[in-house]
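Engineer: What follows is the residue order along each chain.
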Amino acid sequence: MPDSPQFSPAALEELGRIVARYPEGRQKSALIPALHLAQREFGGWLSVPVMDYVATLLSITPIEVYEVAGFYSMFNTKPVGRFLLEPCRTGPCALNGSDDLIAHLEARLGIKNGETTPDGLFTLKSTECLGACGMGPVIQVGEKYHELMNGEKADALLAELRREAGFATKAGA
Amino acid sequence: MGQMKLLLEHAEKAEAATLAGWKSLGGYQKTEAILKGKSPEAILDQIKDSGLRGRGGAGFPAGLKWSFLAKNTGKPSYLVCNADESEPGTFKDRYIMERMPHQLIEGMIVSSYAIGANRSYIYIRGEYMYILRILEKAIAEAYAAGYLGKNILGTGYDLELSVHPGAGAYICGEETALLESLEGKRGNPRIKPPFPAVQGLYASPTVVNNVETIATVPYIVAMSGAAYAALGVKPSTGTKLISASGHIKRPGVYEIELGKVSCEEFLYSDEFCGGPSNGRPFKAVIPGGSSVPVLPIDLFMKTASGASRMMSYESLADGGFATGTQLGSGGLFAMDDSACMVRNLWNLSRFYHHESCGQCSPCREGTGWLEKILHRLEAGEGKMSDIDLLVDIAKHIEGNTICPLGDAAAWPVASHVRHFRHEFEYHVRFPEKVRDPKHNVAAPIARPS
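These protein sequence lines are chains A and B, in that order.
For the first sequence, the working numbering assigns the number 26 to the initial residue and increments by one for each residue that follows.
For the second sequence, the working numbering assigns the number 973 to the initial residue and increments by one for each residue that follows.
Excised from the complex, chain B in its bound form:
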């Protein structure tokens, strides 16, 4: 099937970086036509028809999210773009913003117009400060050309757009934590309800959408929701950016038509990952950012029933958590047999412990316990009972926290132990062999047949 370039058609062209260049590639034509010819209600209908699902990771239908926005509240409505891309394995939004800042700005204009927002923000992670500068330059160009500010293109519509930096906190990718952060506070997620659509930024109705989601909006309205819905395999409609990394030959950001590319093609074809980078066989794949369950290579390529697994929300989830996973953010990373799954899980659990905001006890304490137990297992100091203890702690975190970080911390633990228990047992049985940090290369841990 190969790549399908809707959003990324111009990504590799140098001129896509400036307003003049972007316009020479057809930029702002869609936005101008939409602002002059479509009502906000007509745009919402197209987004609903398109089946577009939030591209940040949760996959919630974007049109539905917009339709929840409280009306006639007497307060302004806000659109906030979530550019806090921090899920390990995910680097797709950065690719859009660095290379085609006006693609996101167009999305912000059309989406803000559709929800009736006159002041919108792009919340970008603080580490992407150099991208913030790229966006600010592009926004200044858009103001000068009359695409932002008062009475845009003579339509009577006003929009102020600015970029707001975070300062290093994975939790701010959670939308209510993001809003707290945008209000100048610690990134502690809020208890929901009320949802942001009712009480978001400054307790006003707010829509928070991911960069890729917002960038897609003008394309959908221009081609019609039905035309977009014809792409992909329902209910995984349209295209998705996948950022690929790990032990692969061709790391990078690829756009696929959902459900049309098999996992095998994606991993091995030279048009995508190009196979393993070190000539070693693949062992495992995490297809949707570090929070989604890891799958052994065989279950990544084929579902438990033996069908070819496809790159779509449904196919990746086939089998539930027992034999499936999730598409998540599309941050795929592949591991060859030199990767130690205990070490990998220790690494990820350390991440979640570091990033827990500390509000909810199960997450604050549990992520620390997970890291500590995994550290001793990895170092050859663990006990056999530690393995079930990990699973037990993960179970007690899952579902017991205000925000999904608890689940995100629990799922990798459950799935690593579910599929690679033999490696954890090996660490307990042969402590002397795992004391060398390169132990997996030195003594490949075979899966018992």
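Same shape as in the complex, but just chain A:
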């Protein structure tokens, strides 16, 4: 994490479009979308310097950003792995095996729920109802829902994500 975070020009442009949706003087409304953008830009989590930077961009105080970042479960105020695996654990998903699925993921990844693999690739963080009740159990990874999951499909998903990471590393080298 650099000392003074800076959005890419594309992200700054996107933020400008977001702010324009709200009435004059109501730019604070753009805070939640701005924090989603910041998480995308800065490795999936919000450090204090990043939150301070967002406060500057929206002309609000840092505490206004901290209290929002701390309230919403999708905002990570600690580092997370490259892929955040979020299996739903509520009601209908639990009836259809989400406890077993989470246990399976823990065993496969060698970590407990809430932890990150030593290679920094995966963070496992069970979540509450994702609105996929008829297609559960579901695992959210980034913006994608992986529905009707079971152990076998979860293994295939992990393999696919590992391939994606490997490919990205080679492409970046």
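Heads up, a few of these hints could be off.
Quick partial rundown of chain A residues pointing at chain B, CB under 7 Å, derived from the structure [unchecked claim]:
#, residue
1, T115
2, L134
3, G135
To list a few chain A residues with every Cβ distance to chain B over 10 Å, as calculated [as the list claims (entries may be wrong)]:
#, residue
4, S72
5, V73
6, E153
7, G161
8, Q165
9, L186
Treat the hints as calculated values from the structure; they're not laboratory data.
From a predicted model like this one, the values you see are computed outputs, not experimental measurements.
Note that beta-carbon positions come from the ideal geometry of N, C-alpha and C, so glycine has one too.
Since chain A is already given, all that's left is putting chain B on it; use the hints.
Structural biologist: Okay, now just chain B, sitting in the frame of chain A:
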């Protein structure tokens, strides 16, 4: 009776996803005719006549809600669509937005016009980010075609529409928490009054309606409020989307004419849930999202007086909380006899504890106590007195909080213990049998006869 497809007529057609395709299915004809031919007052009258009730869960009459909007305040009015669908068991709004984004956009245009709003927002839960992208694409199409922006279709009416994401908070489905969140704050519900109709978004008059409610508006105005009110069984007029899940063969989103389909038909007919998925008998049903009282299967199918129970606001509520429940959001989930009711309640109570915003002590502290006590009961570490303690805590939360999350957390506790006390007692009497998490399958807990 079977399904009745008003909103869902085109849901399974691929072309419903794009503006050109939606128009080829008749899309935007209603909206154009309404903007060019009806006054806002005429639309409000039709919505009042229709008897449409808010489809988010509370079932409050939509026309009445609109009529509360403060007039001549010198401030702009806002329409905010509640797409924060987060009530466990509920996944119907998602179905509309994913497959027919223009159906919601049409509803936003007509409803915004009716209440005199020139800037409207769709507040969508952050986890539905991929749906936000679908909606943004559709909104861009609608702008390009002149259905949004300045002087829509030459009528002189202006509307700016955008989508706003949340970031993971069930509480933001409560309308004042949603407005706080839309203003860039924590989702803490506001003390009411003032109601949003007087002081909502940016302290201006605001209407907040659910996705399904808003999507229905153009259909009502096109067919007339009276024609819509002729559907269903009064005062449950019209159609309702039911999202069905749990131990059933055919999970999915179904549209029914309210009061015309029996609970038995809905649960067993191959046109709906198709019966149990695992060949085991059903034990219990939660018909309206996790907050409404659970019913044992016999009371779900028949009311206490022995009448066939129907899928409507009134029939599901028959018997009050002693023997009835609520239609709620229409998020139905069914449990077969492999489900442990103590474990189910522990799961739901953990959810409410996780989602309590923390403003009101009874909810902040009480939901934590409920989760803790249920965890020890489920693990075979509980005491007989814990069972009444649960009920007592739930009673002290109910009605003592700023927003309905307290009630939503209390009702499942009261109803699980009311109807399944024998399972809680079993957990205390046979701790060694419940230490295996699959204990209900291993040793089905029979209801004492």
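Engineer: State for each hint whether it applies.
Structural biologist: Evaluated hints:
The beta carbon of A/T115 is positioned within 7 Å of a beta carbon in chain B (closest approach about 5 Å), and the interface hint is therefore held. Hint status for A/L134: violated, given a least beta-carbon distance of 20 Å to chain B, over 7 Å. Checking A/G135 against chain B: minimum C-beta separation of about 21 Å lies over 7 Å; hint violated. Listed as outside the interface, A/S72 is consistent with that label: its C-beta sits roughly 17 Å from the nearest C-beta of chain B, beyond the 10 Å cut-off.
Remark: the non-interface label on A/V73 is consistent with the geometry, its nearest Cβ contact in chain B lying 18 Å away (cut-off 10 Å). Here A/E153 does not stay apart from chain B, with its beta-carbon only about 5 Å from theirs, under the 10 Å limit. At roughly 7 Å from the closest C-beta of chain B, the C-beta of A/G161 falls inside 10 Å, breaking its exclusion from the interface. Residue-level check failed: A/Q165 sits 6 Å from the nearest beta carbon of chain B, not beyond 10 Å.
Distance check for A/L186 against chain B: the nearest CB is about 17 Å away, which clears 10 Å, and the non-interface claim stands.
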